[in-house]
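Colleague: Sequence:
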Amino acid sequence: LNGREIATLLPIAVVCLVLGLYPTPMLESLEPSVDALLKPTHELMHPDPPPAITAQLDHATPSIATLKLEVAQ
1 LNGREIATLL PIAVVCLVLG LYPTPMLESL EPSVDALLKP THELMHPDPP
51 PAITAQLDHA TPSIATLKLE VAQ
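So the sequence shown is numbered by the numbering used here: it starts at 1 and just counts up by one.
Worth flagging that the hints you see were computed from the coordinates, not collected in a lab.
One should not assume that every hint holds.
[What the hints assert, rightly or not] Label-pair restraints from in silico Cβ distances:
(1) V15 to H42: 28 to 36 Å
(2) V14 to D35: 25 to 33 Å
(3) L21 to H42: 24 to 32 Å
(4) L27 to D48: 26 to 34 Å
(5) D48 to G20: 36 to 44 Å
(6) S33 to A13: 24 to 32 Å
(7) S29 to L9: 24 to 32 Å
(8) P50 to L17: 49 to 57 Å
(9) E43 to V18: 35 to 43 Å
(10) H42 to A7: 25 to 33 Å
(11) T8 to L37: 28 to 36 Å
(12) I12 to P50: 47 to 55 Å
Where is the CB? At the ideal position from N, CA and C, for every residue including glycine.
Take these sequences, add in the hints, and give me the full structure.
Modeller: Below, the structure is given as structure tokens:
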């Protein structure tokens, strides 16, 4: 390798070494845009669950048990 090639490759090698040993600053700078990109996909893959339905037996008429369904809010 001549001097020009070393002068070109040395900074690239240093940046690769630093990013390999300590990638957190670069990854944290990318996080907001990645979150914004993945938000619509996450909402499609994991929609809000439907409201819970609870069942209660009405004991007012002992001969025929009726079922009351209530939607939880």
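Colleague: Hint by hint, say whether it matches the structure.
Modeller: Here's how the hints hold up against the structure:
The hint said 28 to 36 Å for the Cβ distance between V15 and H42, and at roughly 32 Å that hint holds. In this structure, V14 and D35 meet the distance hint of 25 to 33 Å, their C-beta atoms being roughly 30 Å apart. For L21 paired with H42, a C-beta distance near 31 Å keeps the hint of 24 to 32 Å intact. For the pair L27 and D48, the beta carbons lie near 29 Å from each other, so the given range of 26 to 34 Å is met.
A hinted range of 36 to 44 Å holds for the C-beta pair D48 and G20, which are about 40 Å apart. For the hinted restraint 24 to 32 Å between S33 and A13, the CB-CB distance of approximately 28 Å keeps it satisfied. As the Cβ distance of S29 to L9 is approximately 25 Å, the hint placing it in 24 to 32 Å holds. About 52 Å separates the C-beta atoms of P50 and L17, a value consistent with the hinted range of 49 to 57 Å.
The given range of 35 to 43 Å is respected by E43 and V18, whose C-beta atoms sit roughly 36 Å from each other. A hinted range of 25 to 33 Å for the beta carbons of H42 and A7 is inconsistent with their spacing of about 45 Å. Take T8 and L37: their Cβ atoms lie about 33 Å apart, and the range 28 to 36 Å holds. Evaluation of the 47 to 55 Å hint for I12 and P50 yields a pass: the beta carbon distance comes to about 54 Å.
Hint check: a violation occurs at hint 10 only; the rest are consistent with the structure.
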